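Trainee: As given, the protein sequences belong to chains A and B, one line each in that order.
Under this note's numbering, think of the first position of the first sequence as 191, with each following residue one higher.
Under this note's numbering, think of the first position of the second sequence as 63, with each following residue one higher.
I should point out that these hints are in silico values taken from the structure, not numbers from a laboratory.
On a predicted model such as this, the values are computed, not experimentally measured, just so you know.
For every residue, glycine included, the Cβ atom is placed at its ideal position computed from N, Cα and C.
Possibly wrong hints are sitting among the right ones.
Per the computed footprint, the stretches of chain A lying under chain B, defined by three or more beta-carbons under 8 Å from a beta-carbon of chain B, are [claimed, not checked]:
#, region
1, 315-325
2, 349-358
3, 382-388
4, 474-488
5, 518-531
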Amino acid sequence: MRLLVISALPLLVALAVLTVPAFRGRRVPVALLAAVALAHLALVTSLWITPEPPTLGGWLAVDPLGLTVLTLTSVLFLVTVIYAVGYLRHEKPGSGRVFAGCLLAFLTAASVVALAQHLAMVWVGMEATTLAVAPLIFLRRDRRSLEATWKYLVISSVGIALALLGTFFLASAQGDGAGHPLLLPDLIEHARELHPAWLRAAFLFLLVGFGTKMGLAPMHTWKPDTYGEAPSLVSALMAGALTSCAFLGVARVTEVVMAAGLGPFAQPVLIAFGLLSLAVAAAFIIGQGDVKRLLAYSSVEHMGLLVLGLGLGGVGAYGSMLHLVNNGLSKGWVFLITGNIVLATGSSTAAGNRGLVRTLPVSAALLVLGLFAVTGSPPFGTFMSEFTILRAAIEAGHPWLAAVMLLLLAISFVGMAALVLGMALGEPEPGTLRVRESPWLVAGPIALAAIVLMLGVYVPGPLHDVLARAAAALGGTGP
Amino acid sequence: MHSTAQLILLLVVLSDLAILGTTRLSSCIRGLAAQGLLLGLLPLLIASRLSVHAVGLAVGTVIVKAVVLPWFLAWAIREAAVRREVEPIVGFIASQLLGALAVALAFAIASRLPLPTVQQPLLVPVSLATLMIGFIVLTTRRKALTQVVGYLILENGIYLFGLTQTERVPFLIELGVLLDVFVGVFIMGIVVFHINREFDSLDATRLTELTD
């Protein structure tokens, strides 16, 4: 029952918002958004405390992987809604109900992806996330956001179409008699009976398809444009929650492939995509002049780390799961802070921002801290998870791989530090005044920062347990 | 029944090639509608017996792929007042040659695949050919609206492959897929409409402001 409510409640409210005439006009029903966000998070939290049996004939169920992504999405959604209270005082979207309706539709779609045990249902949810977010990218209604929306729609639609083909390949691999079609537990149980050639094809197509939505290189080209042009709170939700859902899609097929004993086929492919993403990100981070585009490339880098951890196996799978949480939270944090800067100065470029420490002290401090979190420096959680993936590379007998990883991460760090420190420090343009930072706009990022900091020092028992079980499902081990 | 299905599959390939060769956007969309109708008939012919599932899929497909989407795209052309032609990056003859090559390749690949339950030997090659031709249209045409047509052909190719699994994939899922495609094209149509207003053209190659 709870699973049904978690996935359907936001949809019902979204439909109400989109159809009831009372919600017309530019006013956004923020109170309603907040109520749904709180109810959603409360229900998700209750799943951690008491287990819930599968519903809908096993189509919806809670497993460690799904629960991680679901919780991450729910937390980020609540933080985004709190942020929206402050944001909407400065900027009004053209249509309040499109704004609220699309956010809620996204929450439904992401919840379905996280809870679905039927791989075709995972696909339906994933495609729905694309569609729910597209109108949000186009919120400003100018040329640049139009171009970004178009690129995003076309590239993700083609990517997700390939994932659908991959899903059908998987059904072909199953043939007749290997359990219920496309139901994850059955696929894993009968993994050894799957037709290996179809399974390999399915893996490749699903990896490329969902990889497009994650933003793995070389399918990442929509990412800088989209994150750069979308309102920052939408970018935060996309970089934190949507990419995590897409990673879940890749993780699902990896579970099946590992159970079928095709690890030696899949792992090098995952490692290759991971390394390429790290390299492309490093190349474009150097000399980048816009924080939002910079963060988009940083997202490409971290998606690369996630599949790299999967590909390395062993403790790497645990590293990936931990990194999923850390990356989601820290991307949400930094994108929201970037939003504050854009609200105050109207620009996210280094050229338009100098000496933010003077004009926006709290945001500037959070931005600099965010720089260290996003680049995986101690004492933040990202350091722990990146270190775990690095350890996996060495334990798997690839010291050269660990060296290349370190080098690329270092390059990205230098590039990001150059831009961010340049914006935060220095003298502001003469005549710029100190801006009052509303608590609504900084409370969420501070909360996220606190969690990322805590995860660097101490991973709570239940979370550790869930992540370790997820890693085991992915063919890896706990730390 | 089977020979009718084969005939329809051949017609699908012909409609692919026809779309590749047309110079006018409106005939492109008519070709797409015809293809949608053909795809709608297939579940009825392939199913071992007429079930609610097959009939529902057929009706849903005809409504979405043969009626609503073509009508919507035609509306978008009218509203945006696009009278001009398809404007290929690769010439028409070259793209038809590419299309023929894709069909040959599709048959070559399909003959090597370990086929799933083969009730319809043509289904998999036609699906692959349609997929590749969708890709060709998507990548070699300038207008944003023609790119939507390309995406729909690609999606049709995947739908054809899905028919090999239709008895095993539940109806609800197929409905979800159709709904997603429908909403997707709807949103694309709206964006196309705005592109036309902002840039006074549907030319997607003019979307080049965002670069590093």
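Trainee: State for each hint whether it applies.
Mentor: Comparing the hints with the structure gives:
1. Residues of the region 315-325 of chain A lying with their CB closer than 8 Å to a CB of chain B number 6, which satisfies the three-residue condition for coverage.
2. Coverage of the region 349-358 of chain A by chain B holds [criterion: at least 3 residues with CB-CB distance below 8 Å; count 4].
3. Residues of the region 382-388 of chain A with a Cβ under 8 Å from some Cβ of chain B number 3, which satisfies the need for three, so the listed coverage holds.
4. Figure legend: the region 474-488 of chain A, annotated as covered by chain B; annotation consistent (3 residues with Cβ-Cβ distances under 8 Å, at least 3 required).
5. Against chain B, the region 518-531 of chain A contributes 0 residues with a C-beta closer than 8 Å to a partner C-beta. That does not satisfy the three-residue criterion, and the hint is violated.
In the structure shown, a violation is registered for the earlier hint numbered 5 alone.
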